[in-house]
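Chains as they are written, first to last, in the working numbering: chain A, 442 to 665; chain B, 2 to 232.
None of these hints come from the bench; they were simulated from the model. Keep in mind the model is a prediction, meaning the values are calculated, not measured. Every residue, glycine too, gets a C-beta built ideally from N, C-alpha and C. One thing to keep in mind: the hints can contain errors.
Label-pair ranges, simulated between beta-carbon atoms [said to hold, decoys possible]:
| # | chain 1 | residue 1 | chain 2 | residue 2 | range |
| --- | --- | --- | --- | --- | --- |
| 1 | A | A473 | B | H17 | 21 to 29 Å |
| 2 | A | A473 | B | E24 | 30 to 38 Å |
| 3 | A | G654 | B | S147 | 28 to 36 Å |
| 4 | B | H17 | A | H521 | 43 to 51 Å |
| 5 | B | R128 | A | F572 | 28 to 36 Å |
| 6 | A | G457 | B | P137 | 42 to 50 Å |
| 7 | B | S147 | A | G457 | 42 to 50 Å |
| 8 | B | E220 | A | V499 | 58 to 66 Å |
| 9 | B | D207 | A | G654 | 47 to 55 Å |
Just so you have them, the derived chain A footprint on chain B, three or more residues with Cβ under 8 Å [to be verified]:
| # | segment |
| --- | --- |
| 10 | 32-45 |
| 11 | 49-62 |
| 12 | 103-116 |
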Amino acid sequence: MDAAWVALKLTLKVAGWATLINLVAGVALGHAFSRRRFPGRDLLDAIFTLPMVMPPTVLGYYLLVLIGSRGPLGAWLLDHFGIRLVFTWQAAVLAAAIVSFPLVFKAARAAFESVDPQYEDAARTLGIGEFALFVRVSLPLAWRGILAGLLLAFARSLGEFGATLMVAGSIAGKTQTLSIAVYEAVQAGQDDTANFLVALTSIVCIAVLLAAGRLVPGRVAGRA
Amino acid sequence: MTAAPTWDIAARRTLHRRGASFELDVAFRSSASRIVLFGPSGAGKTQTLRMISGTADPDRGHIAIGGRALFDSTRSIRLTPQQRNLGYVYQDYALFPHLTVRQNIAFSRVSGWRNPPRDARDDVVERWLATLGLEPVAHAYPEQLSGGQRQRTALARALAAEPVALLLDEPFAALDQRLRARLRDDLVALQATLDLPMLLITHDDDDVAALAQEVVYVEHGRVVAELGQLA
Chain A
442 MDAAWVALKL
452 TLKVAGWATL
462 INLVAGVALG
472 HAFSRRRFPG
482 RDLLDAIFTL
492 PMVMPPTVLG
502 YYLLVLIGSR
512 GPLGAWLLDH
522 FGIRLVFTWQ
532 AAVLAAAIVS
542 FPLVFKAARA
552 AFESVDPQYE
562 DAARTLGIGE
572 FALFVRVSLP
582 LAWRGILAGL
592 LLAFARSLGE
602 FGATLMVAGS
612 IAGKTQTLSI
622 AVYEAVQAGQ
632 DDTANFLVAL
642 TSIVCIAVLL
652 AAGRLVPGRV
662 AGRA
Chain B
2 MTAAPTWDIA
12 ARRTLHRRGA
22 SFELDVAFRS
32 SASRIVLFGP
42 SGAGKTQTLR
52 MISGTADPDR
62 GHIAIGGRAL
72 FDSTRSIRLT
82 PQQRNLGYVY
92 QDYALFPHLT
102 VRQNIAFSRV
112 SGWRNPPRDA
122 RDDVVERWLA
132 TLGLEPVAHA
142 YPEQLSGGQR
152 QRTALARALA
162 AEPVALLLDE
172 PFAALDQRLR
182 ARLRDDLVAL
192 QATLDLPMLL
202 ITHDDDDVAA
212 LAQEVVYVEH
222 GRVVAELGQL
232 A
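The task is simple: from the sequences and hints, build the whole structure.
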């Protein structure tokens, strides 16, 4: 069953990195969309939301075209740094990040929109710079909604299958995450392994949801 | 040398409200230290205040306080709200809900990425807590305060930044009648002590009677009359 623990560790690593990427990208873009109007905003919003409705295999295919050794990004990475992204755990991170991105983006945007712009204006009249007021006012007031989105994105990343399989494949111990390991075990008729993996996945998911329930209503803005 | 007027404002802006457009064209010059913009709600008073503070921009015009140009469309001057150093007291106070009274007042005293700590000690903050009787609630959060305490916290927060002038948007509207009378007197006394130019907007006649050295009447986005102190 060692292989199962390896798969679990890899899954947590991939989901963790994907969530971290989305913390930065989702919060920055969610804030920009909540406060600024610019041409192409609606189209961009639709594109950023697309991963939520598109089949993961389609996203995986797009990503493969982009980062494959002949793709624009893949060729550039190979030429300049000798990096081959496809079939690595980093590719799995990229896939998980893209698939779960809308969950953070949407949550962050809604959370920032719910913050009265007057608080930010008040901070401006008090002489506080734009980035400082984002950190000192906007973020603490929106934090709860952002955290909820991050936890959902983490959970979604844990279960990512389609896009990950397309760009990272299923290399045991290297890119084979839990959900892919389950599929492989069932295909190979290894019922014992499949049962263990399924039980393990379920426990991890329940733990994440329990943690979410504990974390999210805890720190309410305005109370100690 | 003739001193520049304390308030030299001429601001035009087209606003769009629910499909209809609204022309705001407010202009007045005055050296009164307490000036009241008076008019019905929807006349464009708050928008005028926002343009003075720099949280909204006029389409054209100029805004100068005490001879210092804050905005001038012909000279391409546009100071950010941060550079203007004006105190702003919002109608519903806009106190930061995640910070205590002391932290709210100390907000402008630290400029980094971190909010002042809860037990921050700062002489200016302590002085305002004492002057406005807020010491007993220094550790309370805005939602735990009475209306009068919120108003005084908002005033203290604005004053702790040591502004060059004070802008107040209907500062008494959220308070009951008896409290209003007392806080008006307090504000007049405070303004006289600090010798700080003050511009207040209201639709309440009593505010005008108690506070105005000069009244600027605003209706439908325009100044319809300007009256110096009669008394």
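**Message:** A range of 43 to 51 Å was offered for this pair. Does it hold for the Cβ distance of H17 (chain B) and H521 (chain A)?
**Reply:** 49 Å, holds
**Prompt:** How about the segment 103-116 of chain B: do at least three of its residues have a C-beta closer than 8 Å to a C-beta of chain A?
**Reply:** Result for this restraint: holds, n = 7.
**Request:** Evaluate the given range 28 to 36 Å for the C-beta pair formed by R128 (chain B) and F572 (chain A).
**Result:** Check passed, 30 Å falls within 28 to 36 Å.
**Prompt:** Taking 47 to 55 Å as the hint, is the beta-carbon distance of D207 (chain B) and G654 (chain A) inside that range?
**Reply:** 51 Å, holds
**Request:** Apply the coverage criterion to the segment 32-45 of chain B and chain A: a residue qualifies when its Cβ sits closer than 8 Å to a Cβ of the chain, and three qualifying residues are needed.
**Result:** violated (count 0)
**Asked** When you take the CB atoms of G654 (chain A) and S147 (chain B), is the distance between them in 28 to 36 Å?
**Response** For G654 (chain A) and S147 (chain B) the Cβ distance comes to about 35 Å; the hint holds.
**Request:** May I ask you to test the hint 58 to 66 Å on the CB atoms belonging to E220 (chain B) and V499 (chain A)?
**Result:** 59 Å, holds
**Item:** Coverage assertion for the segment 49-62 of chain B with respect to chain A, Cβ distance below 8 Å, three residues required
**Value:** holds (count 4)
**Prompt:** CB of G457 (chain A) to CB of P137 (chain B), is that within 42 to 50 Å?
**Reply:** Since G457 (chain A) and P137 (chain B) have Cβ atoms about 46 Å apart, the given range 42 to 50 Å holds.
**Request:** May I ask you to test the hint 21 to 29 Å on the CB atoms belonging to A473 (chain A) and H17 (chain B)?
**Result:** 22 Å, holds
**Request:** For A473 (chain A) and E24 (chain B), compare the CB-CB distance with the range 30 to 38 Å and indicate the outcome.
**Result:** 31 Å, holds
**Asked** Within 42 to 50 Å or not, the Cβ separation of S147 (chain B) and G457 (chain A)?
**Response** 46 Å, holds
Hint violations for this structure: number 10 only, all remaining hints satisfied.
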